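*Asks:* Listed below are the residues making up each chain.
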Amino acid sequence: MFSNKGYGWKLGAALALIAVLGVYAARKGESINPPLWRCVVEPRRWDNTVLWLPYARVVSVHDAEFEVEATDAKIRVTGKSPVPVGGRLTLRGIFRADGPRIELIASRPLPPDLGRRRLLMEVVSVLVVLVVIANFIRHFAFRPKVLQVEGVD
Amino acid sequence: MADLLVHAASAYVAARPLRDHRLRSIVYVGVCLPDLLYKGLLYFGGAPNYLCEPTHSPLGLLPFCYALSLFFEEAWRKRAFGAMLGGAYLHLLFDLGKNYVGSVTLMLPALAVIALVELCTGRLRRRWPLSRPG
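From first to last, the protein sequence lines are chains A and B.
Sequential numbering from 1 applies to the first sequence in our numbering.
Sequential numbering from 154 applies to the second sequence in our numbering.
Some hints could be false.
What the hints assert, rightly or not - Which stretches of chain B does chain A cover? Using the computed rule of at least three CB atoms under 8 Å from a CB of chain A, they are:
no., region
1, 168-181
2, 235-246
Claimed, not checked - Here are the computed lysine to any residue pairs in the SDA-like style, where the Cα-Cα straight-line distance is at most 20 Å:
no., chain 1, residue 1, chain 2, residue 2
3, A, 10, B, 200
4, B, 192, A, 126
5, A, 28, B, 230
6, B, 231, A, 45
7, A, 80, A, 46
8, B, 231, A, 126
9, B, 192, A, 10
10, A, 80, A, 64
11, B, 231, A, 6
12, B, 192, A, 61
13, B, 192, B, 220
14, A, 74, A, 117
15, A, 28, B, 173
16, A, 28, A, 38
17, A, 28, B, 231
18, B, 231, A, 1
19, A, 80, A, 61
20, B, 192, A, 133
21, A, 10, B, 221
22, B, 192, A, 30
23, A, 10, B, 203
24, A, 74, A, 97
25, A, 5, B, 229
26, A, 5, B, 203
27, A, 5, B, 227
28, B, 192, A, 45
29, A, 74, A, 49
30, A, 28, A, 59
31, B, 192, A, 74
32, B, 231, B, 247
33, B, 231, A, 70
34, B, 231, A, 130
35, A, 5, B, 230
36, A, 28, B, 212
37, B, 192, B, 175
38, A, 28, B, 209
39, B, 192, A, 26
40, B, 192, A, 3
Derived by calculation from the structure, the hints in this document are not laboratory data.
Predicted model only: the values in this text are computed from it and were never measured.
All C-beta atoms in this analysis are idealised placements derived from N, C-alpha and C, irrespective of residue type, glycine included.
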């Protein structure tokens, strides 16, 4: 299984399996939490679908509804906004084609400094990746000069 | 990728008993692998989210690790596959607590764990020099 025999076929089969799994997952997952812009573009198709907006900004607040902006699309949400205008929140709701609008199931305000926290974590994560890759290269890089010196000894 | 420090700390602790430094370095790569593959496909490949999901599933990771292990020299492939898969599964295990692992507040404890393990193994090495990794 790990030998050089039929190397190209093995590698090709593994890559083909990766591609098949990816396409299968994409097809199966298409209807789970679809992006907001798709629902707004095709409201009839996505009527009564449960939506999750991980990050949305409240644009306006009214008595029994509010408007949010997320992933390049705006939509009305039926329910009470937990944050004032300009605040950020995450919410789950049912998409209704009439409107179109979202019927709020649950929502949670997001901290105002979320962007800065996220940036810090991303920077640290990139540094971790660089260190891990450098460590890997240190152990596996082909260094002919080192080999020659070791060969002399 | 936001919580890679926590994942790296978990791999650091788990891979500490391994005496081979090269094997250890593969475990570290393995623990970062699911996020590297996911973000790579998402941002560099322009793939939709669900197409990237196999990078975070136990069965989906098998062909990824197998394909990557084929790039090692023949004698190393089996060990590389095991170490990479072990690291990747450790990542999935920690992702089960995603809401907590993804928090910035866990970064300091993660660093503390690395320092603690380093301190303890350093003391052990001084007391029993034969236990030094080869």
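*Asks:* If a hint holds in the structure, say so; if it does not, say that too.
*Replies:* Hint check:
Using a Cβ-Cβ cut-off of 8 Å, 5 residues of the region 168-181 of chain B lie near chain A, which meets the minimum of three, so the contact claim holds. Counting residues of the region 235-246 of chain B whose beta-carbon sits less than 8 Å from any beta-carbon of chain A gives 0, not enough to reach three: the coverage restraint is violated. Annotation: proposed proximity of residue 10(A) to residue 200(B) is violated, straight-line Cα distance about 24 Å (limit 20 Å). Simply put, residue 192(B) and residue 126(A) have alpha-carbon atoms about 12 Å apart, close enough for the 20 Å limit, and the pair holds.
For the given pair, residue 28(A) sits about 33 Å from residue 230(B) by alpha-carbon distance, which is inconsistent with the 20 Å threshold. For a cut-off of 20 Å, the pair hint linking residue 231(B) to residue 45(A) is broken: about 48 Å separates their Cα positions. The hinted pair formed by residue 80(A) and residue 46(A) fails the criterion: a straight-line CA distance of about 23 Å is larger than 20 Å. Between residue 231(B) and residue 126(A) the alpha-carbon distance is near 28 Å, which puts this suggested pair outside the 20 Å criterion.
Straight-line distance between C-alpha atoms of residue 192(B) and residue 10(A) comes to about 25 Å, which puts the hinted pair past the 20 Å bound. Taking the CA atoms of residue 80(A) and residue 64(A), the gap is about 6 Å. The hint holds against a cut of 20 Å. Taking the CA atoms of residue 231(B) and residue 6(A), the gap is about 16 Å. The hint holds against a cut of 20 Å. Distance hint between residue 192(B) and residue 61(A) is unfulfilled; the C-alpha atoms sit about 35 Å from each other, more than 20 Å.
Restraint check: the Cα-Cα separation between residue 192(B) and residue 220(B) comes to about 18 Å, which is no more than 20 Å; the hinted pair holds. Restraint check: the Cα-Cα separation between residue 74(A) and residue 117(A) comes to about 25 Å, which exceeds 20 Å; the hinted pair is violated. Distance restraint check for residue 28(A) and residue 173(B): the Cα-Cα separation of roughly 41 Å exceeds the 20 Å cut-off, and the hinted pair is therefore not satisfied. A hinted pair counts as satisfied when its Cα atoms are at most 20 Å apart, and residue 28(A) with residue 38(A) qualifies at roughly 16 Å.
With a C-alpha separation of about 32 Å, the suggested pair residue 28(A) and residue 231(B) falls outside the 20 Å cut-off, and the hint is violated. At roughly 9 Å between alpha-carbon atoms, residue 231(B) and residue 1(A) fall within 20 Å of each other, so this suggested pair holds. For the proposed pair residue 80(A) and residue 61(A), the alpha carbon gap of about 8 Å is at most 20 Å, so the pair holds. At roughly 16 Å between alpha-carbon atoms, residue 192(B) and residue 133(A) fall within 20 Å of each other, so this suggested pair holds.
A distance of roughly 11 Å separates the Cα atoms of residue 10(A) and residue 221(B); the hinted pair therefore holds under the 20 Å criterion. A hinted pair counts as satisfied when its Cα atoms are at most 20 Å apart, and residue 192(B) with residue 30(A) qualifies at roughly 19 Å. The suggested pairing of residue 10(A) with residue 203(B) is violated, with an alpha-carbon distance near 25 Å, which exceeds 20 Å. Among the hinted pairs, residue 74(A) with residue 97(A) is consistent with the structure: their alpha-carbon atoms are about 14 Å apart, no more than 20 Å.
The suggested pairing of residue 5(A) with residue 229(B) holds, with an alpha-carbon distance near 15 Å, which does not exceed 20 Å. This hinted pair does not check out: residue 5(A) and residue 203(B) have alpha carbons roughly 34 Å apart, beyond 20 Å. Using a Cα cut-off of 20 Å, the hinted pair residue 5(A) and residue 227(B) holds, with the two alpha carbons roughly 10 Å apart. Distance restraint check for residue 192(B) and residue 45(A): the Cα-Cα separation of roughly 29 Å exceeds the 20 Å cut-off, and the hinted pair is therefore not satisfied.
Pair hint residue 74(A) plus residue 49(A) holds up; C-alpha atoms about 17 Å apart against a cutoff of 20 Å. Using a Cα cut-off of 20 Å, the hinted pair residue 28(A) and residue 59(A) is violated, with the two alpha carbons roughly 33 Å apart. The straight-line distance between the Cα atoms of residue 192(B) and residue 74(A) is roughly 26 Å, outside the 20 Å bound, and the hint therefore fails. Between residue 231(B) and residue 247(B), the direct Cα distance comes to roughly 24 Å. Violation of the 20 Å bound is thereby established for this hinted pair.
Restraint check for residue 231(B) and residue 70(A): not satisfied, since their Cα atoms lie roughly 46 Å apart, outside the 20 Å limit. Distance restraint check for residue 231(B) and residue 130(A): the Cα-Cα separation of roughly 25 Å exceeds the 20 Å cut-off, and the hinted pair is therefore not satisfied. A threshold of 20 Å between alpha carbons decides the hint, and for residue 5(A) with residue 230(B) the separation of about 13 Å falls inside it, so the pair holds. Between the alpha carbons of residue 28(A) and residue 212(B) the distance comes to roughly 16 Å, so the proposed pair stays at or under 20 Å and holds.
Between the alpha carbons of residue 192(B) and residue 175(B) the distance comes to roughly 25 Å, so the proposed pair goes past 20 Å and is violated. For the hint linking residue 28(A) to residue 209(B), the alpha-carbon distance of about 15 Å falls within 20 Å, and the restraint holds. Annotation: proposed proximity of residue 192(B) to residue 26(A) holds, straight-line Cα distance about 16 Å (limit 20 Å). Taking the CA atoms of residue 192(B) and residue 3(A), the gap is near 30 Å; set against the 20 Å cutoff, the hint is violated.
Hints 2, 3, 5, 6, 7, 8, 9, 12, 14, 15, 17, 23, 26, 28, 30, 31, 32, 33, 34, 37 and 40 from the earlier list are contradicted by this structure; the remaining hints agree with it.
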